[in-house]
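If you're matching them up, the sequences are chains A and B in order.
At position 10 of the first sequence (counting the first as 1) the number is 10 in the numbering used here, and the numbers step up by one without a gap.
At position 20 of the second sequence (counting the first as 1) the number is 20 in the numbering used here, and the numbers step up by one without a gap.
Since the hints were derived computationally from the structure, they do not count as laboratory data.
The beta-carbon is built from N, C-alpha and C at its ideal position, and this holds for glycine as well.
A hint or two may mislead.
[To be verified] Partial list, computed: chain A residues near chain B (C-beta under 7 Å): (1) N49; (2) G128; (3) L149; (4) P244.
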Amino acid sequence: MLLEIGIALLLAKLLGFLFDKLKQPAVIGEILTGIVVGPFIAGELFGMNYISSVTEGLGEMGIILLLFISGLEIGVDEIKAAGKKGMLTSLFDVSIAFLFGVIAGHVLGYDIRTSIAIGNIMVATSVGITVRTLMEMNALHSKVGELILTVAVLDDVLGIIVLSITLGTGEISVLLLKILIFFLIFLGFVIAIKKMKGVKIGIPRFVLTSAISFAFIFSAVAVDLGLAAVTGAFFAGLIFSNLPQRRRIDEFVRQMGEIFFIPLFFIWVGASFDFNALGNMGNLVLLFIPMALVGKIVGCSAGAKICGFKARDALAVGVGMMPRMEVALIVVSIEMSMGTFNATLAHQVLAATILLVIISSIITPPLLKIVYREEGE
Amino acid sequence: MAQYSIVNPQEIHEKKIKDIIDKKQIWNLPMVEKDADVETVLSILTSRDHVWVVEERGSKKLCGLITESDILRLIAPPRLPKYVFGKKYSISLQYGTARKASDIMHKQLITCSPDDDVGNVLARMVNAMIRRCPVVENGEIVGEITVHYILQILLGKR
Numbered sequence: 001m002l003l004e005i006g007i008a009l010l011l012a013k014l015l016g017f018l019f020d021k022l023k024q025p026a027v028i029g030e031i032l033t034g035i036v037v038g039p040f041i042a043g044e045l046f047g048m049n050y051i052s053s054v055t056e057g058l059g060e061m062g063i064i065l066l067l068f069i070s071g072l073e074i075g076v077d078e079i080k081a082a083g084k085k086g087m088l089t090s091l092f093d094v095s096i097a098f099l100f101g102v103i104a105g106h107v108l109g110y111d112i113r114t115s116i117a118i119g120n121i122m123v124a125t126s127v128g129i130t131v132r133t134l135m136e137m138n139a140l141h142s143k144v145g146e147l148i149l150t151v152a153v154l155d156d157v158l159g160i161i162v163l164s165i166t167l168g169t170g171e172i173s174v175l176l177l178k179i180l181i182f183f184l185i186f187l188g189f190v191i192a193i194k195k196m197k198g199v200k201i202g203i204p205r206f207v208l209t210s211a212i213s214f215a216f217i218f219s220a221v222a223v224d225l226g227l228a229a230v231t232g233a234f235f236a237g238l239i240f241s242n243l244p245q246r247r248r249i250d251e252f253v254r255q256m257g258e259i260f261f262i263p264l265f266f267i268w269v270g271a272s273f274d275f276n277a278l279g280n281m282g283n284l285v286l287l288f289i290p291m292a293l294v295g296k297i298v299g300c301s302a303g304a305k306i307c308g309f310k311a312r313d314a315l316a317v318g319v320g321m322m323p324r325m326e327v328a329l330i331v332v333s334i335e336m337s338m339g340t341f342n343a344t345l346a347h348q349v350l351a352a353t354i355l356l357v358i359i360s361s362i363i364t365p366p367l368l369k370i371v372y373r374e375e376g377e
Numbered sequence: 001m002a003q004y005s006i007v008n009p010q011e012i013h014e015k016k017i018k019d020i021i022d023k024k025q026i027w028n029l030p031m032v033e034k035d036a037d038v039e040t041v042l043s044i045l046t047s048r049d050h051v052w053v054v055e056e057r058g059s060k061k062l063c064g065l066i067t068e069s070d071i072l073r074l075i076a077p078p079r080l081p082k083y084v085f086g087k088k089y090s091i092s093l094q095y096g097t098a099r100k101a102s103d104i105m106h107k108q109l110i111t112c113s114p115d116d117d118v119g120n121v122l123a124r125m126v127n128a129m130i131r132r133c134p135v136v137e138n139g140e141i142v143g144e145i146t147v148h149y150i151l152q153i154l155l156g157k158r
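Make the full structure from the sequences, and use the hints.
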């Protein structure tokens, strides 16, 4: 296991760098590393055994850190600054993308719980690919670019909330009460942190330790309330985004996460890729991927159109929102660990999501370049 | 013989911030309003290494800080990290998303008050890895502690 982790980390770094040079997300390099070191390639050839409870556990720590960073970098201020257009478009975006997933699941004959899980996977756009594409097109500052960015940021937040609501089991009233309790705890901490800004604690690096420990404590509280651990981690990040030490916490957690824990999660995702699942998943892929892509186009374009964008610009917003990456993979792994899918289906959905990640990040840049028109043209 | 003699740092540590802050300092603080355009910010930074961002022109209500290293990040070729969240990494001079002072400033600042001990403030600056600390009274900036300023006191020039 030690050797496997060592080799996988190094390979992930190299493949990640290679993908970055090819203008593709480094995360795909990390997933490919997982496929290489997993049971079907390195496992067959060299008897390597990457999948274990330890690597899975380290990957789970990676998810917690990733969502904590997400909350910390998005921050309460960015959510507040979203504006009406951003909010409205995100609401359309999230609800329609989710609905398209649920419909895809239903058409494929899955039960409602499974269909909802597929809906969850389709919600969150990857900001990284979107920003990269907008930069290439020199459209980051345009009205379309600005709306895409705002909506991509908000749908991370809404995606986490949708996931939390749909993961919960039992009476809807009890579930809503639990979510309310969670938000009250969250608000309590936001206020407490604001009040404590001026308090000086003489213990060196106390704020860094408390940031990490709160990410885990909040995750545990979320799990206890029947929500996902990542919800806790994300909101812990939002709480700490109010501190003057935000940037230092961010740099520290990013280093720790980016170098060690987070790649291990994406490698674990790749290593869980089951080649046997590929044979029998034609229908799933044929419906899952187009629905994921079209759902975003329909949802975001409708939202943008209602907000006063011209039809073509609204379409560009929809196309720009197609990429899925980190959060989609995290949602799959959560649904898998919750036992939402049976064993065969779990591997098929994971494979389909990995394909969605790759396909969406390959086709979005050229499609966006076709659809997007510079302002004033 | 050396031109200046070094004051024992412990003597400085025991003083209060208000005892070492020059009353005239406030007139010379680099300040800009948060709605100022990025060109104004850049032109101030050609001769200063940081600028405090205040609510509006003539106000001293502190709301941010822009340092030369922030500007370096804006000028260097934009580089996205592996995992991107929020808009932080899309603020760029090259792509026209850095327009106003408020787009590029640090919003949450580590501050000190005139009644703080200098030693504590310096320790806090080391701990937080910051090189300048605003002196704030009732939300308004009344001075600043920078490495240059402390050096001048250490060498008895103030």
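Under 7 Å, Cβ to Cβ, is where N49/A needs to be relative to chain B, so tell me if that hint holds or is violated. 26 Å, violated
P244/A as an interface hint toward chain B, with CB separation required under 7 Å: At about 4 Å, which falls below the 7 Å cut-off, the nearest Cβ of chain B leaves the hint on P244/A intact, so it holds.
Less than 7 Å between beta-carbons is the criterion; does G128/A satisfy it with respect to chain B? 4 Å, holds
Hint check, L149/A versus chain B [nearest Cβ-Cβ separation less than 7 Å]: 6 Å, holds
Hint compliance for this structure: hint 1 alone is broken.
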